[in-house]
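K.L.:
Sequence lines, in order, name chains U and G.
The numbering of the first sequence is the working numbering, which starts it at 7 and goes up by one.
The numbering of the second sequence is the working numbering, which starts it at 7 and goes up by one.
The hints are simulated quantities; they were obtained by calculation from the structure and are not laboratory data.
It is possible that part of the hints are untrue.
Cross-link-like lysine-lysine pairs, in silico, DSS-like; alpha carbons within 25 Å at most [as the list claims (entries may be wrong)]:
| id | chain 1 | residue 1 | chain 2 | residue 2 |
| --- | --- | --- | --- | --- |
| 1 | U | K206 | U | K41 |
| 2 | G | K8 | U | K95 |
| 3 | U | K8 | G | K95 |
| 4 | U | K190 | U | K41 |
Number of protein chains: 2
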Amino acid sequence: MKALLIYSGGLDSTTLLNEYREDIKIALTFDYGSKHNAKEIACAEENCRILGIRHIVVPLDFIGRYFRSGLLKGGEEIPDGRYDDENMKVTVVPFRNGIMLAVAAGFAESYDLDTVLIANHSGDHAIYPDCRPEFIEAFDAAAHAGTYNGVRIVSPYCNISKREIALRGRKMGIDYSRTWSCYKGGDVHCGRCGTCTERKEALEGFDDTVYEHCDD
Amino acid sequence: MKALLIYSGGLDSTTLLNEYREDIKIALTFDYGSKHNAKEIACAEENCRILGIRHIVVPLDFIGRYFRSGLLKGGEEIPDGRYDDENMKVTVVPFRNGIMLAVAAGFAESYDLDTVLIANHSGDHAIYPDCRPEFIEAFDAAAHAGTYNGVRIVSPYCNISKREIALRGRKMGIDYSRTWSCYKGGDVHCGRCGTCTERKEALEGFDDTVYEHCDD
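All chains, full assembly: derive it from the sequences and hints.
P.N.:
What follows is the structure, given as structure tokens:
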């Protein structure tokens, strides 16, 4: 496998980066104008540097300019709460995975790579339609049909939970302090938004994250 | 139907713009660093202005910077010849339609539009894998599964030829002098590259285009 990873710098994709480190030739991070992009990108850069993997940051300015989402600068406030709450829908960026996968497939064809890896997981399914297995399957068919080298989309964590991903990473000795989750864009993880709540549950028992709020 | 059109400013998508003018709420043009983008964009802007349709130009700088294609500034020279010749493969931009469709689907969801229109046609199939019916079908399934409002991809010209498109447009009274085809990026159509050859054949009998070379 010669792979390209869609790499946010978060917990899930950092685990995937380490698990497939021998296969990954390029890691792509997208700067789409989210409140927490700067924090994510710094983590992504550092982890790629340590592993000696080529890292490319792709700006997608049109998302911040034209799309509506609380996740974006200038958008609504990020709500506190669990990931599966109705109010977390404000964090949806329309078809974000579709856009990232399409750009990644174009890069893969350009650099003669056969696989695009993406770290969506089962906890994403409730809120994000472009994280569900039926979406990934359909997009895989489109990328395969639409590229000369028949690029495949591979999503190894699609049916496991974030907790299972973190336990897998722990076995690999991943330092999760070099990953970023919080959607609010502060200096430290807020500890209360949906992704912080998810992160705490995933890392329970081995969490070195500094949270602004430690409610429990 | 509340539709968004992927609109290059060329012959095919200008016909689609006119045919679906009542349904199209937004026309999206992509500036991806091709040699002929400036000419295309000027035509697209003018036609949208005349019809009173909102026009948005989306820059995709990463394509010009990272992708390999003769179509792009700094890429190989555009060959003369027919569209179905092996040497026209140099004009392929990897997964271009996949990327444009994904961005368009995100825009459609953001602006509550249910349909993305694209003007690929049967003459594109030989060289461009992301113009073939099986690609469009798979991408439609992906966009439908991956968006909250179930965006559909509609490709009305997928199985007709450029000549048939032009004849349809002629009946509608379209002024094709306000469209751009040539890949070479000169001041007038070169008359010899693959798209110019195709354009001449499509418009035969009612072609007002000024060509630099009129070989036949």
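K.L.:
Any hints this thing doesn't respect? Which numbers, in order?
P.N.:
As far as the earlier hints go, not one is violated by this structure.
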